[in-house]
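Visitor: From first to last, the protein sequence lines are chains C, X, R and W. So for the first sequence, the working numbering puts the first residue at 9; every next one is plus one. So for the second sequence, the working numbering puts the first residue at 9; every next one is plus one. So for the third sequence, the working numbering puts the first residue at 9; every next one is plus one. So for the fourth sequence, the working numbering puts the first residue at 9; every next one is plus one.
Any given hint could turn out to be false.
Pairs involving identical chains hold if they fit within one copy or between any two copies, as the list cannot separate such chains.
Claimed, not checked - Heads up, simulated DSSO-like pairs for lysine-lysine below, C-alpha to C-alpha not over 27 Å straight-line:
| no. | residue 1 | residue 2 |
| --- | --- | --- |
| 1 | 320 | 127 |
| 2 | 320 | 55 |
| 3 | 169 | 227 |
| 4 | 317 | 127 |
| 5 | 127 | 116 |
| 6 | 47 | 227 |
| 7 | 305 | 169 |
| 8 | 116 | 346 |
| 9 | 227 | 46 |
| 10 | 157 | 256 |
| 11 | 47 | 309 |
| 12 | 156 | 169 |
| 13 | 320 | 346 |
| 14 | 116 | 317 |
| 15 | 309 | 46 |
| 16 | 116 | 157 |
| 17 | 320 | 305 |
The set of hints was computed from the structure by calculation and includes no laboratory data.
The residues making up each chain are set out below.
Number of protein chains: 4
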Amino acid sequence: MYSFNNDYSEGAHPRILQALVETNLNQEVGYGLDSYSKKAIELIKEKMNRSDVDVHLLVGGTQTNLIAISAFLRPHEAAIAVNSGHIFTHETGAIEATGHKVVTVESKDGKLTTEHIQKVLDEHTDEHMVKPKLVYISNSTEIGTIYKKNELRSLRDFCRKHNLLFYMDGARLGSALCSTENDVEFVDLPDLFDAFYIGGTKNGALMGEALVICNDRLKEDFRYHIKQKGGMLAKGRVLGIQFYELFKDNLFFELAQHANNMANRLQVGLIEGNIAFMTDSPTNQLFPILPNSLIEKLQEKYTFIIWEKINKDASAIRLVTSWATEEEQVEAFIRDIK
Amino acid sequence: MYSFNNDYSEGAHPRILQALVETNLNQEVGYGLDSYSKKAIELIKEKMNRSDVDVHLLVGGTQTNLIAISAFLRPHEAAIAVNSGHIFTHETGAIEATGHKVVTVESKDGKLTTEHIQKVLDEHTDEHMVKPKLVYISNSTEIGTIYKKNELRSLRDFCRKHNLLFYMDGARLGSALCSTENDVEFVDLPDLFDAFYIGGTKNGALMGEALVICNDRLKEDFRYHIKQKGGMLAKGRVLGIQFYELFKDNLFFELAQHANNMANRLQVGLIEGNIAFMTDSPTNQLFPILPNSLIEKLQEKYTFIIWEKINKDASAIRLVTSWATEEEQVEAFIRDIK
Amino acid sequence: MYSFNNDYSEGAHPRILQALVETNLNQEVGYGLDSYSKKAIELIKEKMNRSDVDVHLLVGGTQTNLIAISAFLRPHEAAIAVNSGHIFTHETGAIEATGHKVVTVESKDGKLTTEHIQKVLDEHTDEHMVKPKLVYISNSTEIGTIYKKNELRSLRDFCRKHNLLFYMDGARLGSALCSTENDVEFVDLPDLFDAFYIGGTKNGALMGEALVICNDRLKEDFRYHIKQKGGMLAKGRVLGIQFYELFKDNLFFELAQHANNMANRLQVGLIEGNIAFMTDSPTNQLFPILPNSLIEKLQEKYTFIIWEKINKDASAIRLVTSWATEEEQVEAFIRDIK
Amino acid sequence: MYSFNNDYSEGAHPRILQALVETNLNQEVGYGLDSYSKKAIELIKEKMNRSDVDVHLLVGGTQTNLIAISAFLRPHEAAIAVNSGHIFTHETGAIEATGHKVVTVESKDGKLTTEHIQKVLDEHTDEHMVKPKLVYISNSTEIGTIYKKNELRSLRDFCRKHNLLFYMDGARLGSALCSTENDVEFVDLPDLFDAFYIGGTKNGALMGEALVICNDRLKEDFRYHIKQKGGMLAKGRVLGIQFYELFKDNLFFELAQHANNMANRLQVGLIEGNIAFMTDSPTNQLFPILPNSLIEKLQEKYTFIIWEKINKDASAIRLVTSWATEEEQVEAFIRDIK
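Excised from the complex, chain C in its bound form (with noise of 0.2 Å):
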């Protein structure tokens, strides 16, 4: 059995555990205060050019989404995202359990116009609701869609002109970055984003999330949301080693590159198949709609999840694609569907 059924059925990028074993027995002070994290921070902050924002190296992105959005918002301000977005789907409601409400629009790519703001802003006008004031996207999205660098402008110019926060989930940022579709660059982030996160885990790390705080209002006193949250490492060298070593030679971006051309070639591969899908998606996830017979004979050999009935006949399942998928695992797909 091989598995497509997401982007962290492996450990770590060799590359990374290696820098683990080399550096542990050095000793360091914790909480995320050593030397590997700092080193790692500062080297993000060279490569997007800026040495303003803040970052901090988290554990997992439901973590990172609830320490960030508890710690920016006030009691009664709430998020805003699409229906489809990981806050409001799976993460047990993470967010209302730090007592904010996530208001959502409903959005058939994944992604998030300023019409569908306008909608929800048009709806909140006073004290009996609450009050919109965190704009939230996925990038890529959940159904592996991703923005134009226009479609960010236009929505941060929206949210700066509306006094919003803007702030994206880069669960799978690497994926989105290095799609062939992409002009967003990674130095851009800072200026399109109040705050906005790396995503170590489903890119090659054993775990880790890198938030960035850009807007100067939000950065104040971030460490004790991360402590009081549960999400201060104490061993936060783990993190630190980590990122370090995913930029250092750029290897991010470079596992990130693997995960997309094995998509690619999956898609390539299913389109010559005539093969439809269930969305228009230029990274790491891919969802083609199968007979149910066919699907059945390809979870004797591959596991993937189901993602969606299309009718009685068909369904759509996910594919996902990651830095660890074999090239021949692909192929062999390839040609068990055809």
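Starting from the known structure of chain C, fit chains X, R and W onto it as the hints suggest.
Guide: Frame of chain C; chains X, R and W shown alone:
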């Protein structure tokens, strides 16, 4: 400079890293449902001779405390702890952030007694005050002391009689169980507590705590709470692999024994130097009282925490040993003291 | 200007004020343990033929909803409501502020069905999503509709079968029960719901809602939750005196009947004027669709809420009658429409 | 039986009830935006010579404290209070339920000093502990003592210097301001505090507290917090009418003066009977120490709280007078003591 700052200055025991390397490219399902986590959990249950407890592998101590306590309590219920309890002092209000008060009692040796609890119950008699419900202890305590079996039994019986939950923070459980003064066995634990955790971070793991839930009424839906509070690792395997390694050949206890041996050696050396201690610790944290002038000298070669000012000329410092503490550094420290 | 804005534009029914005046200088104990509150509670239980329910007198609707729901749910559990449900739309995220998500379904008539609930259950299957646990309905609904007894029984049975709690927001329960289309009796309520509240504020009291807890498992320690959330009045007598007056001679039902009569008269008059309605309401809220030009004219003499734009020339307005609505104003309004 | 239990044993001062009766059928808008509330708020601002403060009329003390404190603090920030502070002892963890720790210091006279605060600041130095941010005092205190103007100024200056918010719980502010030992004027208050509340419930109203927000940074969106926490009355007029009556002719101060006069009379009588006091209270709460045998006798004719056991033969009781206390009952009590 050599650090006696804490027991998390290094990475992981090399065998743990080795296990991570060896399993690295095997594909596994996510979120703690992988085969390594399952094996580790089975192993821990076997070592306790208890197939009926639930074990969950979590990332850190504050996280474990806040997830467990918020899952176990209703909104009006409170935890009881000594005033040096970690949840009260050094978790940035993590328990309060989930809505629960921590009611404290003064304790000189860091340990809680039934008299303490009775006093709290006597003072909390109606709905104008919180309802004390969960008794929190740490073993070893934050100042190095440990509980004897009869003390734990007495607390357990008192809790059962008064319908209180009995919870142990085992961040340094290994050191407690391997102390020369300890008479509690690993297999005794499930019978003593409603829930407790086995600390990995401070005993040789990169990170990780194994929460053991013994009381059936506390088990239901626990994974929801882990996810909601941001504690569910996508690559849960990272915890499973580590705990399996710690328990398959008693590495967990060997590492704690080494930490204790190093502390014992330090203690003997300090006593020979006629140095007094703030607390009588039989575990891996020592609190010798030293002249400030000597402290300054020592700081040229060693790092440690200055715990408390004793008088204008002397202070208690904290020396912590670990699985990684080097014997020659201990000997050197003793020589330097003398 | 005469107001059809809402059913809380005036103070209290004069008999209620009279009762407050007459009892004013009698000394009573505080916090809802006074003799008036006890008598009121006994009376309500008698009127329902149920000595085994618990009744708590609270100040307002949002307060009652948030105290009850947060007391009833564990942290990972969520409420289910229709998208027009008061807890979802007009309570400023009060439920989310206690940590719980409100999962919604679309409903045109403001009513929830078992199909709605089944859909939510089908979509919430594991610990990555919240666990739906409490079913929230309003009767009458936010748009004036009511539930028939067979609908409530069907919902109740479904809830019991799926281990869900069934909760009714009765802010306008009086109007629902006194509707010509209603077939639910007051005595039926405790058998239908795990908990519900009887709204006083919108039916002639200065303020006050009587929460009835029918499910034994929800009763324990409830007064702690009232106090913790700021809902326990020092002079709880104020609520007791009012509810006693409302129920000792069926004033509660007489007032609701008057409100409905006034609404019926309005409705008949509007229908005679060939005016259509947005919803088919048999209670004290009407939603006629009027030309914008007529609305402007009416606003010179009456106040009401413009509920929803229907097209560029017409809007639905909300007309609310109450225990205090004057018949001559209703007649005048009908004349002005024609 | 005559009650000296508390200052909320009766209803409201008759003039207040009269005002409710007279305005009863006037139609008003809801949620505190009615003309009575507006007039009351303007009046309070006038009496303080401050047009720039914000005033919100709320229902009860615990509610006011929890709404204000949770609105003012960020998640990692804590309140500082003495160990007898109402928010720490008798609000069922209301502040913690909003996520915030209350850090306490020991105080014999129920009053907080700058030394107390400095001690807390010294102990809270990094992100492993909460960040003390709001200084909470009660005036008069829970044990009847009051603050002098120089004490309040000293606390205020200390708070400003250390970027702390200074908040006063004024549940018994009337009695404090009308005490013979008081030198603080009503107009001084806005300059002393970032926010405080004027207690109505314990000074002649049916219910009601007027929260005054002086610090501009705390004002924004405050009505959202009131609504979210269930504190916004649909018939906000009920609070407006009462506060207008309390302040239009100084009724507020007359009622407090009466309560104090009755307490003074009691105190003089008790001192003449050679009775000692637990605290030196110049306000409407007295804590005489009486032989247990005498207490039992008195309990045949009076109700009061037994506050604290002093030794095996004597206890301190609490006697509370109010706007409604009858002089003949006070004289009778004194006679019975002698």
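Visitor: None of the hints should be skipped; say for each whether it holds.
Guide: Results of checking the hints against the structure:
| no. | hint | verdict |
| --- | --- | --- |
| 1 | 320 x 127 | between (35 Å within a copy, 18 Å between copies) |
| 2 | 320 x 55 | neither (49 Å within a copy, 50 Å between copies) |
| 3 | 169 x 227 | both (21 Å within a copy, 22 Å between copies) |
| 4 | 317 x 127 | between (30 Å within a copy, 14 Å between copies) |
| 5 | 127 x 116 | both (16 Å within a copy, 20 Å between copies) |
| 6 | 47 x 227 | within (19 Å within a copy, 42 Å between copies) |
| 7 | 305 x 169 | neither (53 Å within a copy, 37 Å between copies) |
| 8 | 116 x 346 | neither (29 Å within a copy, 46 Å between copies) |
| 9 | 227 x 46 | within (17 Å within a copy, 39 Å between copies) |
| 10 | 157 x 256 | within (26 Å within a copy, 52 Å between copies) |
| 11 | 47 x 309 | between (43 Å within a copy, 25 Å between copies) |
| 12 | 156 x 169 | within (20 Å within a copy, 48 Å between copies) |
| 13 | 320 x 346 | within (22 Å within a copy, 55 Å between copies) |
| 14 | 116 x 317 | both (16 Å within a copy, 26 Å between copies) |
| 15 | 309 x 46 | between (44 Å within a copy, 23 Å between copies) |
| 16 | 116 x 157 | within (20 Å within a copy, 39 Å between copies) |
| 17 | 320 x 305 | within (17 Å within a copy, 55 Å between copies) |
The structure fails hints 2, 7 and 8 (numbered hints given earlier, in ascending order).
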